[in-house]
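Chains as they are written, first to last, in the working numbering: chain A, 1 to 241; chain B, 1 to 193.
Hints in this document: simulated from the structure, not taken from any laboratory. You may find that some hints are simply not true.
Only part of the chain A face toward chain B is listed, based on derived beta-carbon distances under 8 Å [stated by the list, open to error]: (1) R92; (2) I94; (3) P96; (4) F140; (5) L150; (6) G151; (7) L152; (8) R153; (9) T163; (10) L167; (11) T170; (12) L173; (13) L174.
Which chain B residues stay away from chain A? Per the calculated CB distances, all over 10 Å, these [stated by the list, open to error]: (14) W13; (15) R79; (16) R87; (17) K93.
Computed cross-link-like contacts, SDA-like style, restricted to lysine to any residue with a CA-CA straight-line distance of at most 20 Å [said to hold, decoys possible]: (18) B/K76 - B/P150; (19) B/K93 - B/S106; (20) B/K103 - A/I103; (21) B/K93 - B/V111; (22) B/K134 - A/S210; (23) B/K103 - A/Y60; (24) B/K103 - A/R22.
C-beta atoms are modelled at their ideal positions from N, C-alpha and C, and glycine is treated no differently.
These are the residues of each chain, in order.
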Amino acid sequence: MNVLEFIPSCMLVVLLGVLLRRGAYKILPFFFTYVLFAVAADIARFMVRDHPHPYYITYYATEASYDVLGVLVMYEVLRAVLGNLIHGRWGRCIFPAILLASILLSVARSHAAPTQFTRRVAFYILVGEIAVRFAQVFIFAGLVTLVPLLGLRWRQYPFGVATGFGLYATVSLLTTTAFSDFGTRFTFLWGVTSLVAYSLTVIIWIWFFSAPQKSGIPTPEVSALSPGDLKKYKDALRRMR
Amino acid sequence: MFSIVFTWLMVAWGALSCIYMLRCAWRRFPHRDVDDVIPFLYPVDISLAESLLDPAAEFEFRWKLGPQQFRQAQRKRMRLYLELTRRMSHNSKVLVEYAVAAKGSSDPDRVILASTLQEKAIEVRLYSLLTGIKLRLWLLLRTDLFHMAPVLAHLRTTGEIDGLQTYTALKSAATAVFVQFPPDILDSLTRNL
Chain A
1 MNVLEFIPSC MLVVLLGVLL RRGAYKILPF FFTYVLFAVA ADIARFMVRD
51 HPHPYYITYY ATEASYDVLG VLVMYEVLRA VLGNLIHGRW GRCIFPAILL
101 ASILLSVARS HAAPTQFTRR VAFYILVGEI AVRFAQVFIF AGLVTLVPLL
151 GLRWRQYPFG VATGFGLYAT VSLLTTTAFS DFGTRFTFLW GVTSLVAYSL
201 TVIIWIWFFS APQKSGIPTP EVSALSPGDL KKYKDALRRM R
Chain B
1 MFSIVFTWLM VAWGALSCIY MLRCAWRRFP HRDVDDVIPF LYPVDISLAE
51 SLLDPAAEFE FRWKLGPQQF RQAQRKRMRL YLELTRRMSH NSKVLVEYAV
101 AAKGSSDPDR VILASTLQEK AIEVRLYSLL TGIKLRLWLL LRTDLFHMAP
151 VLAHLRTTGE IDGLQTYTAL KSAATAVFVQ FPPDILDSLT RNL
């Protein structure tokens, strides 16, 4: 089990290499920061693993940072996929509305099934983590719903990021909801399922970023049409009107 | 209880989305080339759409016809505009698929033009989907029976998208992409769009 725990960390290093090769820090800077942070957090946790108190502090500090970065990455994904649509009056409300709904759901859940935390900070970090998972499922599932409706292209980096987070968040919500009935066996089941889900998530990210992607940002510098093409273009527009 | 039910719904939605993405990866995106575009387009009469959304024309109908006749005429006009939005939606879907394929071109100009086409097509699709939902609701709920005959002119802009203006921009974007093809192809495009 101990050896298996290092598999996602090793894959994260591979992913970091792939992201650097594709120049992902320019396209999705928050996601790149997230992966960089994940590698650093794994190293930090590994270094303090034999000291309970520092490990506790490192664990919750990194979890809190994961929550904040997770929110930023999902905003980046939404902005990248929806493009100009997010700048409208309604478009601007989408992300705050998702975030608010997620926080409310997470708080409602914590009241429905109270946790056994003695420290308030740890409790708030856990509530925040579940809220981020809700937001990730919301955004991932929402974007996937838009694929057939709007004809969006699914094989693009932001969709890859959303799919990875969406899968992990779905499994995470499933395990915390369903496996709590298993009692003491829950810890083991949760550990195994999370490990497999996180490994799959990193594989998804590596797969999406393994293919080069052309920049989808249109620039105004299009070469001028030839006089013949320009005439054809004007004639065609005139006929359409 | 509500939060648990909602969590299960979210898990189900997330799981279905994962299955859909897996299906997409298996089947790949439909690769449309130029031969798969023009025969698949349905002509949209923009002047007819303009007249349906014209508030003056609607006012004239309201003025000339009795309440019952106006309600009947308005339902007919709603069905007609629904048909036009269906065509817009279909055409934009075809053009999105073509634009996605064209974005794989090695010519950077072509990629930029295809990106613009894709952007406009997505806007038209969003407009036509939202407008279609509104129109279907109006027709289903028979709002006209309660002396609340819907005003068709309000449908010109939905979700902050001016439908006809965006569709015209889509036509221009499509023409720009197709301008380098032989004239007969461009002619067919202008007729069918």
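Between B/K103 and A/R22, does the CA-CA distance stay at or below 20 Å? At roughly 18 Å apart (the allowed maximum being 20 Å), A/R22 and B/K103 satisfy the hint.
Under 8 Å is the threshold here; is the Cβ of A/L150 close enough to any Cβ of chain B for the hint to stand? 5 Å, holds
Would the hint on A/L173 be counted as holding, given a Cβ-Cβ threshold of 8 Å to chain B? 5 Å, holds
Does the closest beta carbon of chain B sit nearer than 8 Å to the beta carbon of A/L152? OK, holds: A/L152 within 8 Å of chain B, min 7 Å.
Evaluate the condition: distance from the CB of B/W13 to the nearest CB of chain A exceeds 10 Å. 4 Å, violated
Given pair status - B/V111, B/K93, alpha carbons within 20 Å: 18 Å, holds
Using the nearest Cβ pair, does A/F140 come within less than 8 Å of chain B? Interface hint status for A/F140: holds (6 Å vs cutoff 8 Å).
Going by Cβ atoms only, is A/P96 closer than 8 Å to chain B? A/P96 check fails; min Cβ-Cβ to chain B is 17 Å, beyond 8 Å.
Holds or violated: B/K76 and B/P150, Cα atoms, limit 20 Å. 12 Å, holds
Hint A/L174 vs chain B: min CB-CB distance below 8 Å? 5 Å, holds
Let me know if the C-beta of A/T163 comes in closer than 8 Å to any C-beta of chain B, holds or violated. 5 Å, holds
What's the verdict on B/K103 and A/I103, does the C-alpha distance respect the 20 Å limit or exceed it? Since the Cα atoms of B/K103 and A/I103 sit roughly 39 Å apart, the hinted pair is violated (cutoff 20 Å).
In the structure shown, a violation is registered for the earlier hints numbered 1, 2, 3, 14, 17, 19, 20, 22, 23, in ascending order.
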